[in-house]
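Between the sequences and the hints, there should be enough to build the whole structure, so can you do that?
Residue numbers (the working numbering), protein chains in the order written: chain B, 41 to 369; chain U, 1423 to 1543.
Bear in mind the hints are in silico, worked out from the structure with no lab data behind them.
25 Å max Cα-Cα, derived PhoX-like pairs, lysine-lysine:
id, chain 1, residue 1, chain 2, residue 2
1, B, K187, B, K176
2, B, K203, U, K1510
3, U, K1437, B, K176
4, B, K205, U, K1510
5, B, K57, U, K1510
6, B, K131, B, K187
7, U, K1514, B, K187
8, U, K1490, U, K1514
Which chain B residues stay away from chain U? Per the calculated CB distances, all over 10 Å, these:
id, residue
9, W64
10, L73
11, M74
12, Y86
13, Q250
14, G348
15, F353
16, E357
Glycine included, C-beta positions come from ideal geometry on N, C-alpha and C.
The residues making up each chain are set out below.
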Amino acid sequence: MKPRKTLSQLNVLAQCKRYNLSLWQCPHFLFLLMGVIIIGSALATYAIGNRYVEDPETVTLIVLSVAAILFTLAVIITQSFERLAEANRMKSEFISVVSHQLRTPLSNLNWAIELMMSGRLGKIEKKQTEYFKVLKENSNRMGELVKDLLIVSRIETARLPLKKKEISLEDLVRKVIMEFGPFTKASNVRVELKVQENLPKVSADPSQIQLVIQNLLDNAIRYIPVLQSPETDRSRTDEKEKREVEIKLEQKKNNLYFEIKDTGAGIPKEDQKYIFQKFFRSENIMRYQTQGSGLGLYIAKSIIEQSGGEIGFKSQEGIGSTFWFTLPI
Amino acid sequence: MKTILFIEDESALQKTFGEILKQEGYKVIPALDGEIGLRLAKTENPDLILLDLILPKVHGFEVLKQLKADAETKDIPVIVLTNLEGIKDVDKAIELGAKTYLVKANYSLEEVVEKIKKALQ
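Right, dumping it as structure tokens:
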């Protein structure tokens, strides 16, 4: 055994920080703890053996050799954990590099399309405009996906910077609703906001929390079923009234509570436990909407948890979903 | 006619921006790497410099540093136009004297042109 290497592995704090693990999840710390327990029990055995057993040296020797075997095993286990963690870190870095590389050609593409659509290069036919729109929409979609991937890679390499300051959640929510104006109008959805009076401010990163609200509102609007044909529209006159999203803001004990309720597709029971997983997309929403990266809720959960809050939902298929999160005051 | 020095190694962007800025009535001088950019900044005396950060030969930050260290070029406003969006990069560029920092992926072509127009007013 190389003593220097073992010693460097004993610098547990540095090792755990490198992989962004808490102490109790960190193999290096667990390894150290195991070592201390083994050595302690060997010494205790010796002390006890010395007093009560005729031949304490033999007993100690046996205990020590067992301890040595356990120790070696622990080292091997730690190293295999380390390899796994390293592989995960490399994967995150890979995503980050690839996403950055994807962005350059994407902005080239985007701006070239914009230039053509602007008519600056000559008049374009109506039919051509249609197809330019298809190009633009799809390059935007790709851009969104790359953006999401970058956020995920930052979350996983723990480089998502949280710039905390005192913010009014209400202002933030109003800003996002405003921003979504064109989208809600085009989707024929009404967004209602109910805010409790005199809400205190919270300490959080406004740009990150805004991202969470955006993701939740986007989901709420996006998955309200689109009516199939004018016939069904007429036969179900109450359908129009149901197309609404309700956002509530209130104080609950020492937390600010945000809730968003939709009348959308809902999440099937069997899918509910996977909903916050990376890249997961429920099959029933795929029927309504094929767009989406399956990263929005994963990102939302990571940000809320990093901000010291909680996130959750309840949902019934065909009736709608209610997502909520809390932020400490 | 106002002159813009565009230091950017992506020829596709050189083309797109060259076209739109020409239509807006500006003269665009393209520079495909940091070294050429620095040289042209001195000889052409532009009214504005558009600077990418990841550049061949001399990195954008170094270009910015040298521009600001040179009495001849230190007063030319510099707009950083890049795809790097780390807070550290933004802070560093502003600290080094960039006027504005724009992340390519976050702006449309027209929005960037608006910012350029504003900076040149």
